[in-house]
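**Q** Chains as they are written, first to last, in the numbering used here: chain A, 1 to 433; chain B, 1 to 433; chain C, 1 to 433; chain D, 1 to 433.
It is possible that part of the hints are untrue.
[As the list claims (entries may be wrong)] Computed footprint of chain A on chain B; a stretch qualifies when at least three of its residues, placed anywhere within it, have a C-beta under 8 Å from a C-beta of chain A: (1) 65-79; (2) 109-120; (3) 129-141; (4) 222-229; (5) 376-385.
Bear in mind the hints are in silico, worked out from the structure with no lab data behind them. Glycine included, C-beta positions come from ideal geometry on N, C-alpha and C.
These are the residues of each chain, in order.
4 protein chains.
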Amino acid sequence: MIPRYSRPDMVAIWEPESKFQIWFEIEAHATDALAELGVVPKEAAKAIWAKGKFDVERIDEIEREVKHDVIAFLTNVAENVGEEARFMHQGMTSSDVLDTCLAVQLTRATDILLADMDKLLAALKTRAFEHKLTPTIGRSHGIHGEPVTFGLKLAQAYAEFERNRERLVAARKEIATCAISGAVGTFANIDPKVEAHVAEKMGLEVEPVSTQVIPRDRHAQYFATLAVIASSVERLAVEIRHLQRTEVLEAEEYFSPGQKGSSAMPHKRNPILTENLTGLARMVRSFALPAMENVALWHERDISHSSVERMIGPDATITLDFALARLTGVVEKLLVYPERMMKNLDRMGGLVHSQRVLLALTQAGISREDSYRIVQRNAMKVWESDGEIALLDLLKADPDVTAKLSEAELEERFNLDYHFKHVDTIFTRVFGN
Amino acid sequence: MIPRYSRPDMVAIWEPESKFQIWFEIEAHATDALAELGVVPKEAAKAIWAKGKFDVERIDEIEREVKHDVIAFLTNVAENVGEEARFMHQGMTSSDVLDTCLAVQLTRATDILLADMDKLLAALKTRAFEHKLTPTIGRSHGIHGEPVTFGLKLAQAYAEFERNRERLVAARKEIATCAISGAVGTFANIDPKVEAHVAEKMGLEVEPVSTQVIPRDRHAQYFATLAVIASSVERLAVEIRHLQRTEVLEAEEYFSPGQKGSSAMPHKRNPILTENLTGLARMVRSFALPAMENVALWHERDISHSSVERMIGPDATITLDFALARLTGVVEKLLVYPERMMKNLDRMGGLVHSQRVLLALTQAGISREDSYRIVQRNAMKVWESDGEIALLDLLKADPDVTAKLSEAELEERFNLDYHFKHVDTIFTRVFGN
Amino acid sequence: MIPRYSRPDMVAIWEPESKFQIWFEIEAHATDALAELGVVPKEAAKAIWAKGKFDVERIDEIEREVKHDVIAFLTNVAENVGEEARFMHQGMTSSDVLDTCLAVQLTRATDILLADMDKLLAALKTRAFEHKLTPTIGRSHGIHGEPVTFGLKLAQAYAEFERNRERLVAARKEIATCAISGAVGTFANIDPKVEAHVAEKMGLEVEPVSTQVIPRDRHAQYFATLAVIASSVERLAVEIRHLQRTEVLEAEEYFSPGQKGSSAMPHKRNPILTENLTGLARMVRSFALPAMENVALWHERDISHSSVERMIGPDATITLDFALARLTGVVEKLLVYPERMMKNLDRMGGLVHSQRVLLALTQAGISREDSYRIVQRNAMKVWESDGEIALLDLLKADPDVTAKLSEAELEERFNLDYHFKHVDTIFTRVFGN
Amino acid sequence: MIPRYSRPDMVAIWEPESKFQIWFEIEAHATDALAELGVVPKEAAKAIWAKGKFDVERIDEIEREVKHDVIAFLTNVAENVGEEARFMHQGMTSSDVLDTCLAVQLTRATDILLADMDKLLAALKTRAFEHKLTPTIGRSHGIHGEPVTFGLKLAQAYAEFERNRERLVAARKEIATCAISGAVGTFANIDPKVEAHVAEKMGLEVEPVSTQVIPRDRHAQYFATLAVIASSVERLAVEIRHLQRTEVLEAEEYFSPGQKGSSAMPHKRNPILTENLTGLARMVRSFALPAMENVALWHERDISHSSVERMIGPDATITLDFALARLTGVVEKLLVYPERMMKNLDRMGGLVHSQRVLLALTQAGISREDSYRIVQRNAMKVWESDGEIALLDLLKADPDVTAKLSEAELEERFNLDYHFKHVDTIFTRVFGN
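Construct all of the structure, not just a fragment, from the sequences and the given hints.
**A** And the structure:
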């Protein structure tokens, strides 16, 4: 966890104080259920809620002796509750507390991420509609293709993050389970009703079959989903970095008045936020791997997953939270330059319209192969002139073309609006009506 | 693709013949829709279906010249269809064909994987019920914990693979989309109705917004899901490898009469199938990474994803298909040794019952901390005797214990069936009623 | 292994024929050594060399029965050699053959890769000297920085691949070891002299301590090194893709006469080779992971590494061989456009010289902070004019500047050659004298 | 960075205070060299050393305004040095400071790691010699193979970590370079002599060609090497976890008096340190990936590597330092149980000697295939009896065996010491004379 890439609400979820508070609630709810079942006195359950307190430093102190965090916690709570504390944790095992706590932390973290995504989606939608019909060149392979609109680019991002939102909702469900099933998951010393009660109180589902631990395929799927979302963050970040390149400069990250781009070159305005997002995406992506390696625990469990999760639990969620928020800010404040977009679109001498001419020739009766050759030989001249020669002019002078197409027909093929007639269709697909 | 780790049905999906057949169907259906819209003659559409043929070698030959696979394919089909072939591919771009084809291949591959999982689930269920009450020791950290049943182990695996099946159904939905949207996804030269028609005919959904390509977050999520499934394969494989260890030997892979375990040591019977599965799982897991790196294509697309998918498309699905089938065979034919399970369970001198004694002491009024110390001091003696001393005997001789618990009460704590009273509950949760 | 991304010499190393030939040589050399030690008759050793033959199909047939590849091989060779074949493989274990064979295959593969790198280095050097003083803009963050030369870019790539070559030499040494140490590596039934003899004959070093297998940390380091090299391939590929962007177009992959860039857009000339290399790099990089997961084999060995290596052994070396050769071709035939480089360099109105002005002001006695502010305020105007306004003109009109610097002094700061005075130094560092 | 998995010396390297101190030294040494060259006044260089101070909080404060860490640092130092501070950083760029600082931090971190490895190697050597001839069963596939000694296991680990040490020395060399080459690496505004001076003072080599940044293939190779070392940590950890399994129990992590194994089961002694190391190894391994993705920076550099390195720089080195130290402690204090080793070795009824019988039969004139069948049919009976029947007894009763081998000859084949005659050879190879 790096302070500069962290936001306080997400950090708070992973602080010791939060963790022990969740542990306490799990234990206290479990004792309630045990009392209801008559296994422990109802007074004990009440006493735990009433007198239950813990102190992070004292727990750390005890853990240094016993080398076991849950025992240290229980000992500290017992110091405050007194004799009735012995009714806590009856028939439970440490992992009942640890794994259920992790489930609570991850669901809370996911709720923040979902809220982050809602803000990002809102920003994308606003900017998409703003630029719904702002023409810009579509590029495949980094090479000018045919016209699109800047709104379409953002609509694509919106659709991608909406899918990511759905994936995240599914991933949340994956890890939102509670296990209070005892030493090896058989409920030998604890009634399954306790699990059901704690699950309900903590906002979780019951884990159908646990083996001291909640199975780690759930967490693997969860972190893999975060990794996919991070890859989408990278995609949009890379798009913006490309748009801000000196030669392209169709959009720019907002540059605040006091900001300095380079200690050496005062003229620089660098896309550092999206570059930063590119790096953060790499990190979130990498966390999926150890999460997957955690799945194959030995027999009913080993504890190799624990050190991994102590790292990636906070790091993946904190970093993705920060990244989504930063990306939202970038989108909201993005400086967009429609004039430059048009200038770039025009810079290739009309080559972007080559396909429409190809189709026109085909429809006028020339074979596809011949049409291709005719258009390509003219297009290559334009290409080599670096856009100084206009494709339309060349075509008007090519007898193989003029034999089939009139000047007016040719000119119609260079009409920009032609390309945008289905923008509405796509927007309706993406944003609904 | 390694022949020894491949099965023919899955391999067939990825052969050039299959790919070109799908390309042909996409083009022919698209031409149907174009004819229906009046863009091309209906006769052309009919001619394509009637005379459309291709030859893999001829396509390869053409591709060596034009260095573009879809153009090579179209040229070869045109050689067979004749002049009307020029109405094929009108307003389309290569990726319309390539990406929709990949969607078809991946959905078909997934259908095989789903069938594989059904067989695995059936095998797990059968063996789980067979051993529903076969006692075996539950192990955490590789150390004896408390009793479970062998059926519970398999029920856990069943639940895990049922989750994986659901994930796979979701992953299939992710990649089952069709894009026929033209050069940069704007439908500039092709009506969206064509896309809708082809999608329906090929069993796909329409991609809401494409950018020459179908967005690769879909494929990233798909391959990440295969990676998680592979991790579960590894988990079960590792479990069986552990059970077959010489010192444990509670279960064994089926060993066929002619088989040789070692060229040097004739006595060996090695868990080579599950070791092999462990390695294959590593491979399928690794394929998720380049799939995620494919997401951030430049602008409307670059083609860096293509070489990756030519490799991992076949390799991930073929390997996982093989692994699931192999794992199913291992489960179906697994040799299970209940007597050895019981022998192992007993070998620790009754230590596996230590928790129940701890709880009994607590309930008899001793503090949790004191109870723990009393049980631990006896347990450590048993441990150090390597199970030669029985825990029950020591407890019967410990005045701190006998002050609170009678002999009969103590003996009741060493009853094995006590641990299995909720097996039914768990089986109902996992397998339903 | 994908034919389209494979070259025959590297493929040949991994074919069954090659593998069995190496097996045969290992066995025959080992029998020689055994004969020399008097363990087996010298006639037997001679007979093996004289009559030793194998047939891939027959071996496969036998393996289907015995399910063990080395036993199948030995059986087939025995069918040809006759009775004296029983002296082969005395005291050896299968892994002695398999692991030593893998060492031979990997060293041969590495020799091809080293030759590939030599060709790449040669191409880079030639083009670097060709463009040693071709001015081009240096870009950080995708934004124009200060002038460099195109030769410097290639010199950087040269230095990087020279490092990679050294890494590859070290990686070759890692995996070039021979183990003939018997069932668990103790030489219980085979004299260490046999190992020494085979090692020498096969061009390997003796593995100091093996445990049936050669330890897999060696292979992990090897494949990790290939992954790093692949990352450098990606770096250079990405550089070229950037240079070929429509708006930049400072260099281009060679575009052959018959080639078609797009089935839909006849004007396209796409950097498909370097995009392809980007994808291939992702694959080679991903193979490092399962190789690392192979390290932690159980006890003296398990066989989980085997399926991984059957895949990544060929796939990583074949793909990297192809990638290096393709990259070499791209570099050799790269179309370089110095005029466009100069045009791009000039397009920012001289902003690229801002640092020199900053330094001049500082040296003229203005504080660093004030100098920065003075230059930045002028630079921002140039930036916002999209290079229409020249920085030099603005500075000449800024009284804070002219108070300290004369026109001539200012103009000197806009001299391009100033930036290249140390190109020789760098070239000498990289290429020697 | 997780406090529980961190050690103070390594943490200190990565603290802001250390980083700024290194920045200061780089800047001050650079100013010395500039003064020597006559570019800046010698008094300025002296003033910087004399009055140069910084305050972490003040730097943070400035950075919040200027959003650039190096500028913030320079500003703060200037506040203390006064007017002469303007001679600092002349002709340099931020990355000159940042990348050279990272090199210093990584070399210092590596020195700690090398010291860690020396301690680990010493511990392994001591324990290896202690158990040089302690017999234990060698296991392939988890199945008993033939006898080895416990010392051989440790000698293998020693040899593996000695290789890792060499790799780490090479990796240290990779990243120990200094770049003071200005905005795009051309030395346009700074003499290469400054770089040479700073390099020497900071204990680094000169980077032959930098491009504002030191090329990231160096760091990729570095972190990949740490990942391989982590994989070796995992291997030894997994070995110990296996040895501590209840059924095996040939060795155990030291268990301190106050320690509690389980909150629920007082009898447990779990290998939690080595399980923890298994998880930590997964983390260090995963960090190699983003480091490799960092290589392909755009053009002369982008800053996407920075956020990655802020995380993995500290996390990888701190975690590996902790892991090596923990592993050393585990090895030093490992409880080894030779009696149990012998008991396990004997538990298979002598099957571990099967190969020697096979060889004896072959040498007595029976074909390899027949010998194998004879031994296997007896071995399988022993196997099925779970070691209750002794292989020697069965062989003595098998006429096919007794026809070729006398009782004495058979018994000689079951001599344990036979297997250890080359232990000395191996120890000499590994540890020298």
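**Q** What hint numbers does the structure not satisfy?
**A** Violated: hints 2 and 5.
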